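Each chain, written out:
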Amino acid sequence: MTTGAEANVTTAGDRRQAVLGSLGLLANEPETMFDRVMAMAAGFFRMDRAAIVLAGRDTLVVKAQFGGDLARPEFSGSFTEAAIATRTLLVVDDASTDPRFARNSIVDDPNGVRLYVGIPLHAPGGEAIGAFAMSSTRTRPFGETERTQVRRIAAWLEEELASQKETTRAAEVQHALQPKASVKLPGYEVVGTSTPARAVDGDFFDWYSVPGSLGLTLADVMGKGVGAALVAATVRAVIHTSAGNSGVAATVRRAARLLELDLEDTDSFVTLFHAQRRQADGRLRYVYAGHGLTLVVRADGRSEQLAHANLPLGTGLEPDWQRHTVWLEEGDTLISFSDGVLDLFDGSLASLEEVADIVRYTKTAAEAVSVLTMMAEYAEDSDDVVVIAVRRKGRR
Amino acid sequence: MKFETSPIGDTIAAIRGAGRLNMVSASALRETVSEALSTGRTRIVVDFSGIDFVDSSGLGALIGCLKSARQAGGDLRIAQPTAQVTMVLQLSNLDRVLKSYNSTEEAYGE
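Line by line, the protein sequences are chains A and B.
Sequential numbering of the first sequence, starting at 685, is according to my numbering.
Sequential numbering of the second sequence, starting at 11, is according to my numbering.
The shape of chain B in the complex, shown without the other chains (with noise of 0.2 Å):
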């Protein structure tokens, strides 16, 4: 899978892919993230809106992502997640930590 990232003013990335965040896209997220971190874009948004499966490998990601983002004095959050994401997010509980927004602008639309 293949993430693009979109300059959302001066701090923020939103990131988009599609398909399935696994064990095999996983990486491919987490040095998505640590580019925009590098280059001064702390505020991550991740738009799932094209991800409809995210297994426990995806979760470890996010997860290590949202470290990183919180560490560089950001955060990480979610836009769109499908039905199973939510499910998956609210199971583990991690909900609490990666939180949900209906788009990528109100994620950060305080």
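For reference, chain A alone in the conformation it holds in the complex (with noise of 0.2 Å):
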């Protein structure tokens, strides 16, 4: 988030702020698990304090720690100031006798901090954003292969302060890429909704419409976390553009072709449904690239799963992909989803029937996904949730 004061950065405090700002990490409330870093740190070393402190232009905000308070508010005449100052590991053997601390509200007290160990903590960018910090009441030697652990532990924490920014970043990306257009089509409902379990996943849902014609994609790339989410980016890309000049077997030919080398490289592959729906009749044409999970229910209550025989893309067996027709007439719901869904229920293939079951019980197709997804927010340890309906108004 860059906001215009950000424009105007002139103090090394103002570039820290900056910093911490665009990194997200000054809004956050302290993590737990930093917190039970903290708390092994404290142990191995033996320290009643540790923590992770993170320096904003004149304030200090604790990003977590075990054993109390290691910082006081203010940035300057602190621990902290004079770790980043160091530019290096800071040890200070016993602060009570060192005039630059001894007046610290947390010094000057007979159980203050006298032993203090500080290790500055940088953005990617080099920029010092605040100090991996330990105290004791008890002031003894701090040895040279503790002062090197210390240095790999300040390492290892700059990565992952890091990485959270990646992965709230490739989660901003993913939210981005869902389609935002409502599909207008008329005599037709398409609704669609993702419910990832972890910040970023691999399973994503995709439509686009132009007069007379509709296209849909629900894929689950193998995987989870970033990796899966930048391949997942990749096939809806290719499918996106290629769905607007050709069929549905050309277009999914082409999304393989394109990403076999990515997908070989990372033994991964890729489960698609892909429909589109040309003609002004009911007819939607399809591909099956090894994701099973596709249900028609008819108008009359009947059920029926999609017949499918292909094999997921990037698995670099049986290369071809065929069309498929099925029509849907008025009244009649399709309705396709992640395998996450399956856990919403008892895991098994029962869990069809249930599927099949709420679109039978609800009026629109809105209301059939808007249960699933319901059921996907409330339900523990759930895998991705991915659906997308598309039913044909009239009778019913």
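One or more of the hints may lead you astray.
[What the hints assert, rightly or not] Across the chosen pairs, the derived CB separations fall in these ranges:
id, chain 1, residue 1, chain 2, residue 2, range
1, A, Asp-742, B, Ala-38, 50 to 56 Å
2, A, Lys-1077, B, Glu-116, 51 to 57 Å
3, B, Ala-38, A, Met-717, 22 to 28 Å
[To be verified] Going by beta-carbon spacing under 8 Å, a handful of chain B positions derived as facing chain A:
id, residue
4, Arg-26
5, Gly-70
6, Asn-103
[Stated by the list, open to error] Covered stretches of chain A, as calculated for chain B (at least 3 residues, CB under 8 Å):
id, stretch
7, 762-772
8, 951-961
9, 1000-1013
10, 1027-1041
Please keep in mind that the hints were generated in silico from the structure rather than gathered at the bench.
These numbers come from a predicted model, not from an experiment.
For every residue, glycine included, the Cβ atom is placed at its ideal position computed from N, Cα and C.
Grab the two chains, each in its own frame, and use the hints to assemble them into the complex.
Structure, rendered in structure tokens:
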């Protein structure tokens, strides 16, 4: 998030503030993972307190801590300021006899800080943003081996703080990639939703509409996290671009060809369902690449699982994908979903019937999809849940 | 998860594991299979009787191992998959290339 104020960066404090702001670290609540790491560090080094202290322009923010406050609110005169100024590991053997810190409120006390160890933490750009610090009420020699270990932990913390930012940014990118425009296709209702288990995932849905035509994709990239999300973004872009001019089978073949090397290198693969409606009738053409979770629930309540035979993209085996056709009559609903939906029920194929029931007992595609979304949001420990539904309006 | 390899004849390696085949255990399976391939045992059978769960990373490892085995002139087959494993293979259509058998002996008992 950049604001106009950050454009005018003059002092070191302003730079720190700007870097921390862009890393999204200042706004965060103290993190439980970093708190646990601080507890471990304090135990390992036999210290009373350990903390990650981030330095804003004039104030200090405790990102994580163990054993009580190791920072006072003002940056000026703080240990953190001194640690950043030293640019390297700062070890104060006895703070009560050090004129720089003796009057500090966390030192000036019979049970106050004596031994202090602090090391600056840097953003990926090299800017010092705070310190990893530990303290003890008793002074003792802090050996060379221990100093090396502190440096290693600091390097790891820097990586973690940076990757947290990457994850957040990847989630933003993924969110931005979701289709924004709702599909306006007379006589049809098209709805999709995605509830990721983590900040980012490899599942996505996409659709586009042009007059008289509709294209939709639901895909699941093997694995989770940033890597899977990146492959997902590529798959989405390739299919989106290709589907404007080509039919379903040609689109999927092209996507497979373009992704082959990427997927081979990562031992990854992609299951997907891609469909297009081009004729003005209820005909929907589709390709099924190893994604066996698509149902059609008919107006009279019957349901069928769409036939599927082709392999996922990226296995390097049997590289061909065939076109199939399904007809949607008035009142019929097609619903396609990621395997995370199975876990909302008993995880077995009987879950397909549960999904069909939800479609039967709701009046619109939006209602059916929102029931599944709510279940995903309330489920503990659920996998990514992505759902897309197309309903041909009419008698029901 | 630890995988154990038992030789059958001169060319078959039966690989057995227990627990969940997921992101954590996938690399162990890859190593075990490539070890077997390097000793000339190119006909791999993975005994799934003790593996009650496989996720997409596990499937990725199986596909990778299948390809390595085929490149070495052999194959990779599956014995005694549990219901969850069978379902995952069917849904992804990977059951067409990763064939399942009732026992390790049957897998290569052609």
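Against the structure, the hints come out as follows:
1. A:Asp-742 <-> B:Ala-38: 50 to 56 Å: 52 Å, holds
2. A:Lys-1077 <-> B:Glu-116: 51 to 57 Å: Holds, since Lys-1077 of chain A and Glu-116 of chain B (Cβ atoms, about 52 Å apart) stay within the stated range.
3. B:Ala-38 <-> A:Met-717: 22 to 28 Å: This hint holds: roughly 26 Å between Cβ atoms.
4. Arg-26: Arg-26 of chain B check fails; min Cβ-Cβ to chain A is 22 Å, beyond 8 Å.
5. Gly-70: Result: holds, 5 Å to nearest chain A Cβ.
6. Asn-103: 5 Å, holds
7. 762-772: It is violated, with 0 qualifying residues against the three required.
8. 951-961: Contact hint for the stretch 951-961 of chain A vs chain B: holds, 4 residues under 8 Å.
9. 1000-1013: Contact hint for the stretch 1000-1013 of chain A vs chain B: holds, 3 residues under 8 Å.
10. 1027-1041: holds (count 3)
Hint compliance for this structure: hints 4, 7 are not met, and every other hint is.
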